[in-house]
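Residue numbers (numbering that gives the first Met the number 0), protein chains in the order written: chain A, 0 to 373; chain B, 0 to 532; chain C, 0 to 176.
Treat the hints as calculated values from the structure; they're not laboratory data. Any given hint could turn out to be false.
Stated by the list, open to error - Calculated pairs, DSS-like style, for lysine-lysine (alpha carbon to alpha carbon, straight line, at most 30 Å):
1. B/4 x B/24
2. A/348 x C/78
3. B/128 x C/118
4. B/210 x C/78
5. B/337 x B/316
6. B/132 x C/118
7. C/10 x A/352
8. C/126 x B/210
9. B/253 x C/118
10. B/114 x B/126
11. C/126 x B/126
12. B/310 x B/479
13. B/218 x C/118
14. C/118 x B/274
15. B/132 x C/78
16. B/337 x B/313
17. C/78 x B/128
18. B/218 x C/78
19. C/118 x B/210
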Amino acid sequence: MITQIFIQSVLAFVMIGFVFNLAALHTWIERKQSALIQDRIGANRAWIVLPWKWAAPINWLLRPFNVLGLFHPIADAIKMFTKEDYVPPKGNKFLHTLAPCLSLFFALIGFAAIPFGNTIEIGGRVINLQVANMNVALLYIFAAASMGVYGVVLAGFSSNNNYAVLGSLRALSQMLSYEIAIGLTVMGIVMIYGSLDLQELVRSQGNYLWGWIPLWGIILQPVGFLTFLAAGIAETKRIPYDAPEGESEIIGYFLEYSGMKFGMFFFTDYLETIMIAALATTLFFGGWQVPYLNETGFQFPWGASIALAPLAVSLLQILSFVLKVLLFCWFLMTIRWTLPRFRYDQILKLGWKYLFPIALANVFVTAIVALVMR
Amino acid sequence: MPTLKIDGQEITVEKGTTIIRAAEKLGISIPYYCYHPGLSIAGNCRMCLVEVEKMPKPQISCHIQCQDGMVVQTQTEGVKKLRQHILEFLLVNHPLDCPVCDQAGECWLQDYYMKHGLYDSKLNENKVKKSAKAVPLGPTIVLDSERCILCSRCVRFTDEITKTNEFGIFNRADHSEIGIYPGRELNNKYSGNVADICPVGALTDRDFRFKCRVWYLQKTESVCPGCARGCNITIETNQERPHHAAGERVMRLKPRYNDDVNDWWMCDAGRYGYKFIDHDRITDPIERSEGMVRSVEWKEVVESFLKSFKKLLKESKNEIVVFISPQMTNEEMYLAKKLFTKELGIERVFLASTNPEGDQDDFLICADKHPNRKGAEWIGFQEDKREIKHIFEEAAKGLIKGMIIFGQDLISFYPDQNVEEILHRLELSVFIGSNHNLTSEHVQLVIPAATYAEKDGTFTNFEGRVQRIRPALLPLAESKPESEILMLLARKLDLDWTYQSQEDVFDGLTRSVSQFRGLSYKKIGMQGVSFHH
Amino acid sequence: MIRTKVVSRPKLSFWERIYFPEIFRGVALTSKHFLKNLTLHLFHSIGLFRKVAAMVTIQYPEELWKLPFRSRTRHRLTKRADGSPRCVACMMCETVCPARCIYIVAEEHPDPNIEKRPKSFDIDLGKCVYCGFCVEACPEDAIRMDTKILDIAAYSREEMMLDMNELLNPSHKSGLK
Numbered sequence: 000m001i002t003q004i005f006i007q008s009v010l011a012f013v014m015i016g017f018v019f020n021l022a023a024l025h026t027w028i029e030r031k032q033s034a035l036i037q038d039r040i041g042a043n044r045a046w047i048v049l050p051w052k053w054a055a056p057i058n059w060l061l062r063p064f065n066v067l068g069l070f071h072p073i074a075d076a077i078k079m080f081t082k083e084d085y086v087p088p089k090g091n092k093f094l095h096t097l098a099p100c101l102s103l104f105f106a107l108i109g110f111a112a113i114p115f116g117n118t119i120e121i122g123g124r125v126i127n128l129q130v131a132n133m134n135v136a137l138l139y140i141f142a143a144a145s146m147g148v149y150g151v152v153l154a155g156f157s158s159n160n161n162y163a164v165l166g167s168l169r170a171l172s173q174m175l176s177y178e179i180a181i182g183l184t185v186m187g188i189v190m191i192y193g194s195l196d197l198q199e200l201v202r203s204q205g206n207y208l209w210g211w212i213p214l215w216g217i218i219l220q221p222v223g224f225l226t227f228l229a230a231g232i233a234e235t236k237r238i239p240y241d242a243p244e245g246e247s248e249i250i251g252y253f254l255e256y257s258g259m260k261f262g263m264f265f266f267t268d269y270l271e272t273i274m275i276a277a278l279a280t281t282l283f284f285g286g287w288q289v290p291y292l293n294e295t296g297f298q299f300p301w302g303a304s305i306a307l308a309p310l311a312v313s314l315l316q317i318l319s320f321v322l323k324v325l326l327f328c329w330f331l332m333t334i335r336w337t338l339p340r341f342r343y344d345q346i347l348k349l350g351w352k353y354l355f356p357i358a359l360a361n362v363f364v365t366a367i368v369a370l371v372m373r
Numbered sequence: 000m001p002t003l004k005i006d007g008q009e010i011t012v013e014k015g016t017t018i019i020r021a022a023e024k025l026g027i028s029i030p031y032y033c034y035h036p037g038l039s040i041a042g043n044c045r046m047c048l049v050e051v052e053k054m055p056k057p058q059i060s061c062h063i064q065c066q067d068g069m070v071v072q073t074q075t076e077g078v079k080k081l082r083q084h085i086l087e088f089l090l091v092n093h094p095l096d097c098p099v100c101d102q103a104g105e106c107w108l109q110d111y112y113m114k115h116g117l118y119d120s121k122l123n124e125n126k127v128k129k130s131a132k133a134v135p136l137g138p139t140i141v142l143d144s145e146r147c148i149l150c151s152r153c154v155r156f157t158d159e160i161t162k163t164n165e166f167g168i169f170n171r172a173d174h175s176e177i178g179i180y181p182g183r184e185l186n187n188k189y190s191g192n193v194a195d196i197c198p199v200g201a202l203t204d205r206d207f208r209f210k211c212r213v214w215y216l217q218k219t220e221s222v223c224p225g226c227a228r229g230c231n232i233t234i235e236t237n238q239e240r241p242h243h244a245a246g247e248r249v250m251r252l253k254p255r256y257n258d259d260v261n262d263w264w265m266c267d268a269g270r271y272g273y274k275f276i277d278h279d280r281i282t283d284p285i286e287r288s289e290g291m292v293r294s295v296e297w298k299e300v301v302e303s304f305l306k307s308f309k310k311l312l313k314e315s316k317n318e319i320v321v322f323i324s325p326q327m328t329n330e331e332m333y334l335a336k337k338l339f340t341k342e343l344g345i346e347r348v349f350l351a352s353t354n355p356e357g358d359q360d361d362f363l364i365c366a367d368k369h370p371n372r373k374g375a376e377w378i379g380f381q382e383d384k385r386e387i388k389h390i391f392e393e394a395a396k397g398l399i400k401g402m403i404i405f406g407q408d409l410i411s412f413y414p415d416q417n418v419e420e421i422l423h424r425l426e427l428s429v430f431i432g433s434n435h436n437l438t439s440e441h442v443q444l445v446i447p448a449a450t451y452a453e454k455d456g457t458f459t460n461f462e463g464r465v466q467r468i469r470p471a472l473l474p475l476a477e478s479k480p481e482s483e484i485l486m487l488l489a490r491k492l493d494l495d496w497t498y499q500s501q502e503d504v505f506d507g508l509t510r511s512v513s514q515f516r517g518l519s520y521k522k523i524g525m526q527g528v529s530f531h532h
Numbered sequence: 000m001i002r003t004k005v006v007s008r009p010k011l012s013f014w015e016r017i018y019f020p021e022i023f024r025g026v027a028l029t030s031k032h033f034l035k036n037l038t039l040h041l042f043h044s045i046g047l048f049r050k051v052a053a054m055v056t057i058q059y060p061e062e063l064w065k066l067p068f069r070s071r072t073r074h075r076l077t078k079r080a081d082g083s084p085r086c087v088a089c090m091m092c093e094t095v096c097p098a099r100c101i102y103i104v105a106e107e108h109p110d111p112n113i114e115k116r117p118k119s120f121d122i123d124l125g126k127c128v129y130c131g132f133c134v135e136a137c138p139e140d141a142i143r144m145d146t147k148i149l150d151i152a153a154y155s156r157e158e159m160m161l162d163m164n165e166l167l168n169p170s171h172k173s174g175l176k
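Make the full structure from the sequences, and use the hints.
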């Protein structure tokens with residue numbers, strides 16, 4: 000029992016460490032990627048240089064980090080922590096503090112259900128590379144994600160500021176219109192593979208169509224994937240769906256936040272982005288699956304095969320998952336730096352009048368096809 | 000009464016009127032330099048040339064008298080061309096130092112050159128350098144011979160007005176130069192006027208020199224408070240750029256034309272006697288008690304005044320003495336009379352002033368150095384020296400408890416009376432004035448009042464001419480005009496005074512003092528009205 | 000009679016209306032820039048294709064933008080041959096200044112041929128709008144705006160004041176005083 004708790008703790012630690020660092024790195028990615036897209040150079044002024052003569056080799060080693068601006072997330076953190084933490088005098092101090100914590104909490108717990116690898120065997124013990132192995136993982140993730148809006152609403156409410164309230168109301172109605180669509184879009188996947196258990200879903204995607212096309216979710220559910228992506232980005236409240244923040248019009252629900260409390264909201268945005276990336280990977284891109292790799296090694300459709308140790312196979316699978324997530328993060332960032340913000344009514348129109356009917360139609364078609372195929 | 004036509008307009012003038020005067024009446028301006036209505040005609044600048052029909056050559060309009068049937072043209076091409084070339088001649092030896100010249104901005108050469116100048120100069124010769132550049136001629140005037148256009152206005156002024164004959168034109172032709180006779184100094188009592196009448200920057204005022212540019216000045220019409228004459232003046236202030244003269248606000252005084260009082264002139268004593276407006280002023284109310292001196296708020300000073308004053312009023316009204324100053328306006332004197340004598344029943348209200356035995360001449364300067372003694376007399380304040388001496392004797396015995404002194408320096412007026420000690424012995428001693436003096440150093444309460452440049456009101460000169468002064472400035476720091484102080488006290492003493500402005504006060508004055516009857520600010524205007532109106 | 004012109008909204012085609020191809024086009028454009036610049040940066044780091052710019056950024060304090068010849072920068076007062084200011088305190092610049100940031104106090108010059116000189120000449124850079132009118136107005140060519148000093152900053156308003164000494168000897172390093 001204690002060993003079990005220990006193992007789960009290690010897994011949770013690994014997952015949180017990965018997610019947190021990736022989110023912190025997102026501030027850097029955001030800066031640098033937007034710079035490259037816009038022919039700029041991006042932030043590169045947070046240098047760590049040791050003043051002593053003997054430290055020259057260390058400085059030489061630090062130089063690439065300095066030049067790339069990789070210490071900017073640290074500088075950001077220092078700034079966030081040392082800034083004045085302001086609570087509006089007529090706001091609700093308790094809720095004002097609670098709101099960013101709730102936001103961050105619900106953004107984080109969803110990751111417990113994401114499988115980042117197949118089972119591995121260490122010392123005779125089979126470990127499932129998933130923090131919480133549950134058969135309703137998908138439902139759990141959606142539940143957690145929709146709870147996240149609580150933080151936003153509380154933030155707007157407790158700030159005693161009309162703009163902040165306006166921001167949280169926008170977030171609320173946006174959440175209502177997209178949560179339904181996002182639930183329906185993944186229904187197709189669930190119907191095909193017949194499970195809500197994510198680990199099970201990923202395993203099911205290890206099959207091949209005609210022996211050589213990996214049967215990932217995207218192959219079976221292209222429409223589902225596109226609608227999932229559209230609704231998923233809306234979940235993150237980032238451009239083009241950033242009406243709740245809308246810096247140029249209402250500033251948004253975190254208007255009255257400063258210091259690290261503001262930083263937590265900021266962090267939540269990045270965590271939700273990673274969550275959508277991880278979910279898209281798991282549902283539509285085979286999760287940790289590597290094409291033609293099974294427990295013993297690579298088995299190519301033209302007959303060749305490479306034998307691999309089980310641990311190497313596991314590592315490759317974890318690497319595959321990480322790479323896919325990173326790729327999605329890059330893609331989401333590109334979307335964010337490509338599209339302009341939708342108008343508020345356009346967002347709701349898109350949610351209710353397009354995504355929802357399309358997702359519904361997708362479910363019907365999938366159901367009919369599945370019935371016929373059987 | 001000749002009738003003539005100037006530029007097509009017909010006008011009938013008195014016999015002997017010159018064309019330039021007649022044109023002025025029609026609103027036609029003819030440029031001139033040497034002509035001055037207060038001086039004899041020299042006719043040497045040639046700027047005022049006009050064409051007169053049936054006369055073979057252009058004529059100087061400052062000299063030619065109007066005759067019946069004359070037809071004068073002032074705007075023909077010929078006249079315009081003449082002006083251009085005359086200006087060209089006048090500028091032959093004139094340097095281009097407008098940037099350093101104090102006259103720039105009010106220089107007639109600049110003005111007429113803008114209007115009539117020949118912008119494309121035809122002259123190429125070297126300028127004849129004159130000897131004097133920035134030479135002080137006396138305590139008030141600096142001469143710059145280079146800039147002189149030899150109009151001889153200053154020569155005629157010293158010959159005809161002051162009759163001191165300091166100036167002359169020396170050498171001949173191109174080398175002519177204005178100057179002072181050897182061994183002389185320009186130090187007559189009206190020397191400042193030559194800077195006013197000099198149309199160019201040859202004679203500039205040493206006091207004003209480099210203090211401020213003339214285009215920064217704001218002008219307010221007023222009356223000189225320097226003596227009983229009441230010369231009409233313009234107060235020229237610089238308020239928007241205080242850095243120029245280290246915060247001094249009044250830059251200079253200029254005489255203002257008034258046919259009945261001072262013509263175009265004023266004396267040097269009046270012209271340079273404005274320094275007290277910005278220097279040595281009482282800025283805050285001061286309270287002295289048991290050797291402690293401290294600046295206080297208005298509220299406090301009024302409270303401490305009223306405390307002792309009310310007590311004295313109740314117990315011993317006859318032991319209060321009020322000294323009115325002849326520097327106060329008619330309106331303020333009227334308010335003082337009304338407050339102290341009529342409303343409060345204080346009988347001992349006197350006028351206190353220096354003896355009228357100052358410098359005097361038969362032109363402008365009066366012996367009496369106060370601007371409003373006549374007004375005080377009309378309103379009912381007499382200076383009874385014997386009575387005042389009697390009061391000091393009584394006070395020395397302790398029979399006087401309170402003294403309210405408006406502005407005047409009693410200690411130096413009555414040096415044989417030991418006023419200083421008397422003031423210290425009083426229960427209540429108040430000084431209401433604008434500047435520090437000996438008396439203000441020895442009273443319990445000092446209340447800051449405004450100077451004449453900060454007040455609205457009227458003065459009555461020694462001939463009985465009521466003239467208007469206007470506020471050129473806001474009262475300095477915490478000071479207030481005496482009228483405002485009196486109204487404040489009246490309000491605190493629960494009197495029902497409803498004056499909204501000095502005009503209201505003057506209205507009350509006209510109704511209660513016979514000499515002012517029928518007057519109003521509108522009638523007084525900016526030129527004043529004589530008692531025999 | 001008011002003339003009106005009806006401007007119709009551009010009609011969106013079917014492919015534009017369903018939006019996805021347009022998103023794809025946008026993403027393709029941004030990705031093109033991203034990949035091109037990323038590749039160029041990588042090449043630059045190993046010393047290749049240095050001449051092809053990967054960005055338009057100028058690294059400000061190290062690299063400076065070359066100022067145009069006539070750009071107006073911080074003021075200076077020109078000197079006579081003997082080192083005294085050319086300025087004669089005529090107040091033209093002070094008068095013309097729309098921001099009223101010039102404060103001149105005049106005094107008598109010992110040489111009567113010069114006559115007038117500035118006792119003090121202060122410019123409040125906190126108020127200056129760099130219009131250059133003072134340079135235009137000066138009859139003596141005594142004030143110019145050609146120091147090429149642009150980085151003007153201070154911690155207080157008092158420090159934004161330039162006195163005559165600083166204007167005669169503009170020092171770049173000290174910035175202000």
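Taking the hints in turn, this is what the structure says about them:
no.	hint	in the structure
1	B/4 x B/24	holds, 12 Å
2	A/348 x C/78	violated, 71 Å
3	B/128 x C/118	holds, 28 Å
4	B/210 x C/78	holds, 23 Å
5	B/337 x B/316	holds, 16 Å
6	B/132 x C/118	holds, 21 Å
7	C/10 x A/352	holds, 21 Å
8	C/126 x B/210	holds, 24 Å
9	B/253 x C/118	holds, 27 Å
10	B/114 x B/126	holds, 24 Å
11	C/126 x B/126	violated, 43 Å
12	B/310 x B/479	holds, 25 Å
13	B/218 x C/118	holds, 26 Å
14	C/118 x B/274	holds, 22 Å
15	B/132 x C/78	holds, 23 Å
16	B/337 x B/313	holds, 19 Å
17	C/78 x B/128	holds, 26 Å
18	B/218 x C/78	violated, 36 Å
19	C/118 x B/210	holds, 11 Å
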